[in-house]
Amino acid sequence: MRRYMLEFRGRWLAAVMLAAGAMLLPGHATAADAYKTQTGSPAGTYKIDPVHSLAQFWIGHLGVSELPGRFDKISGSFTFDPAHPENSKVSVEIPVKSLDTNYARRNKDLRGPDFFNARQFPIMKFVSTKLIMGDDNEMRLAGQLTLHGVTQPVTFNLRHVGAGPDPWGNYRSGYIASAIIRRSHFGMNYMLGGISDQVKIQLNIEGKRQ
Amino acid sequence: MRFSPFLWTILWQAALLPFAVTLFLGWSGRAAWGAVALTVGFSSAYALLYTQHAFPPTQALDWLALSLPVVLLLFALRDRVSAAGRRAWLWPLVAVSASLLLLLWPILKTAEGRFLFEAVLAGLIWWGLWCYLERESADGTVAMLALTVVACANAAISAATGSVLTGQLSGALAAAAAGWLLWHLNAPGMARAVVAMAMLILGSLVVIGRFYADTAILPILISLAGFAAVPLFPWIAARVRHRMVALCVAAAVMLIPTGIAVLLALRQYAATPGEY
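From first to last, the protein sequence lines are chains A and B. Just so you know, we're using the numbering used here here: the first sequence kicks off at 312 and counts up by one. Just so you know, we're using the numbering used here here: the second sequence kicks off at 524 and counts up by one.
Calculated directly from the structure, the hints in this document are not laboratory data. Incorrect hints may have been included.
As the list claims (entries may be wrong) - No farther apart than 27 Å at their CA atoms in a straight line, the calculated lysine-lysine pairs in the BS3-like style are these: (1) A:Lys419 <-> B:Lys632; (2) A:Lys519 <-> A:Lys436; (3) A:Lys436 <-> B:Lys632; (4) A:Lys408 <-> B:Lys632; (5) A:Lys419 <-> A:Lys511; (6) A:Lys408 <-> A:Lys436; (7) A:Lys400 <-> A:Lys384; (8) B:Lys632 <-> A:Lys384; (9) A:Lys358 <-> A:Lys384.
As the list claims (entries may be wrong) - Some chain A residues near chain B, calculated using beta-carbon distances under 10 Å: (10) Tyr414; (11) Phe426; (12) Ala429.
Even glycine gets a Cβ: it sits at the ideal position worked out from N, Cα and C.
Bound conformation, chain B alone (with noise of 0.2 Å):
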């Protein structure tokens, strides 16, 4: 297959330009730095990618434009003010709360019993790995290592059985993270601000996706699981020597359940006939 302009076009938007505007960034050590880095890499390419914003926003996506930098500005001063673990749940319910009232109230008003039990289950789902997280980015680079590989794995997932901007998006987000974890493998530290931008990304693109688009649930669902080796990595780096083949264990397992939800995304994408 040629690689034509007009692909260049679209990696350059969704992985090129996230990656290397982060990696520019974000070679300071200060963990809200960052997250400034991370936020300023993907709006680059939401700009680009997303280009139908309006003001005062009218369709789901037009919130980000509003919801990153206040999230950032909101969660950097958190970090400056608030000791870890004190109240810690408290901020990110807030932003999940408002994010998904916002995201979906266009379409809340004409929503079935079934839209509200998963709007809400979707919530839960997303401030709970939110707080947990947060909880364990006392090494920042393994919870942003599994943030990377989800985002990636939902790149797929929702391009493959929902929206090919959302998926785009997403792939922008895990570029993004992507240029982040370049500067921080060998330097672990707290990163809450920027793993609360990457999940307050992440989980609106996710809810986007699915209420927007009928993303398929069951290769998001599976795909979360991605998370559950960050809790394993001291384990791993107890049982290894070099902290790098360590994280290339952690990223092997989350490998695991992330792979089979982009197989059965794509299974499913198969399952129509025909190409673009």
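So that you can see chain A by itself, here it is in the shape it has in the complex (with noise of 0.2 Å):
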């Protein structure tokens, strides 16, 4: 018994000192600092990456809540140029067939007639106008929103997450852009004495070099 419980002993003593050993390995991180925002350039003209991309906006609800909602699909491009901020630009698509509330029902109303009318107004659309440098990674993207057949001038507080390479070789780099938008600015007024006027926008963007 007692040859036993050294053995397994020893056993256990290998297998610490195993595991100690691989974290010594070169590329292994503890949980603390596993992940670092990259700090690299964001200059040059990016392809958005839907995979990693999401439109997300939240609505009042009866005065009571705000209700999130989302965009799944979202597509297009932006140029950085942090040297010559007026050269940057940003074109940004969403299918509004694509929005998802988490309720089936409300998903089909929110898409019909009585608000984005996605038959006849399928594609939601911003083009950047001016980007205006901030502190920091903070910025102000203005441009022209294209929702429900109208456009009208939205800015965005942009603030830019981070650049540098990703393990596949390509280069990458992210944004996050909020707002704040009347929907009756864009004709869409059904309900709004339970469905609030103000929607907040936030849209996360990454998107590869090319």
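Since each chain comes alone in its own frame, lean on the hints to assemble the complex.
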């Protein structure tokens, strides 16, 4: 019995030493510092990666909550030139049909003629007109948002998250753009008493450099 | 359930207001005035419910603001200059063709074969029912009773399976038609213009609901069978002493297909779990 216990302890000790050795290998990091924001140059022209990008919105419901929704499909491109911000441009297209609010019946109502009228206006589009540089990674992006057949100027607060190489040899850069719009400015006036006019929108964009 | 101010507003806009306006304006016995009363009654609800008006029109529902006065004028004029029966099919054909083209124009460019087939079929049904109801409008009360019942059914079907807004507008049409009916229950008379206006509105709403909001097709088609009770009315009236009782029997017959249609739509609505 004693011999069996000694053998078991020896094997356990060996396993711990192996694990400790593996942790010392290059490339390994502890949980605390495993994820780091990449600080490469964001300059360049990028194609939006739809798998890592998303458009979300929050809208007031009956004055008691802010209901989230999202558009699952997004496409477009952006060019960022830090030295000459006036050369920077962004173009984003979102198919309205990809709307999802986690409730099938509401999705149908929202896509219908009461709100988005996706059959007639299938694409939502933003085209930038001006980029205003701010402190650190904060910027303001002005442009024209076309929604529900109406084009209106909208200014996004823009934050650059990071830029750098990915494990597959591409170069990526990502942003978070947020703004508050009024749906009535885009001709979406139905049920303003129960569903708020103000809508918070946020675009999480990741692009692959071309 | 507490009846909140929010629900009161919806009920007021979609039912009480069009009913009251049509009832108030519909006192005159002149047929053309009935059409004006119905149009104004419905328009009062349309103005409050559909708050996205654009000129020139961009969306299908925008066109109602233009087509209502134009068709009202044309059909009121027709009733003055043309006797019933002479090329009676032509006017509804022009109105239906023009309305269908205007309502579906924004989505025609992306249309596929099935869409075009459905659109043509919808136009033929719309035109056929319009001619049929005008022919049967010698006793306008029965035709309008059928239109009220079918519009009511379409309100439920559209709200349950398609668009809440077109459902509310259908409810407004039913309420306005009910306001007209109250003045004409005991006074059968020609009502071609009012039938024409009701058919224009109902057809437009059904087309918008189907092609823009994918309202379930089967309940719509079944509900239209409610119109089949119109030619039965003389037969019912011959066997029942009082006109009011005959009208009630006719309404009961109309409620069979429309009730089945509404039940089907509600079943489809209930198939999606959860509630607003």
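Hints and how they fare:
1. Among the hinted pairs, Lys419 (chain A) with Lys632 (chain B) is consistent with the structure: their alpha-carbon atoms are about 22 Å apart, no more than 27 Å.
2. Straight-line distance between C-alpha atoms of Lys519 (chain A) and Lys436 (chain A) comes to about 20 Å, which keeps the hinted pair within the 27 Å bound.
3. Taken as a hint, the Lys436 (chain A) and Lys632 (chain B) pair is honoured in the structure, with Cα atoms around 20 Å apart against an allowance of 27 Å.
4. Under the criterion of a C-alpha separation no larger than 27 Å, the hint pairing Lys408 (chain A) with Lys632 (chain B) is consistent with the structure, at around 18 Å.
5. At roughly 21 Å between alpha-carbon atoms, Lys419 (chain A) and Lys511 (chain A) fall within 27 Å of each other, so this suggested pair holds.
6. For the proposed pair Lys408 (chain A) and Lys436 (chain A), the alpha carbon gap of about 13 Å is at most 27 Å, so the pair holds.
7. A C-alpha spacing of about 20 Å is found between Lys400 (chain A) and Lys384 (chain A), which places the hinted pair at or below 27 Å, so the restraint holds.
8. Proposed proximity of Lys632 (chain B) and Lys384 (chain A) is supported: the alpha carbons are some 23 Å apart, at most 27 Å.
9. Under the criterion of a C-alpha separation no larger than 27 Å, the hint pairing Lys358 (chain A) with Lys384 (chain A) is consistent with the structure, at around 14 Å.
10. A cut of 10 Å between beta carbons decides the hint on Tyr414 (chain A): the least distance to chain B is about 6 Å, and the hint holds.
11. For Phe426 (chain A), the interface hint holds, the least distance from its beta-carbon to any beta-carbon of chain B being 9 Å, beneath 10 Å.
12. Of the supplied interface hints, the one on Ala429 (chain A) holds, with its beta-carbon coming within about 9 Å of a beta-carbon of chain B, less than 10 Å.
In this structure, none of the earlier numbered hints is contradicted; all agree with it.
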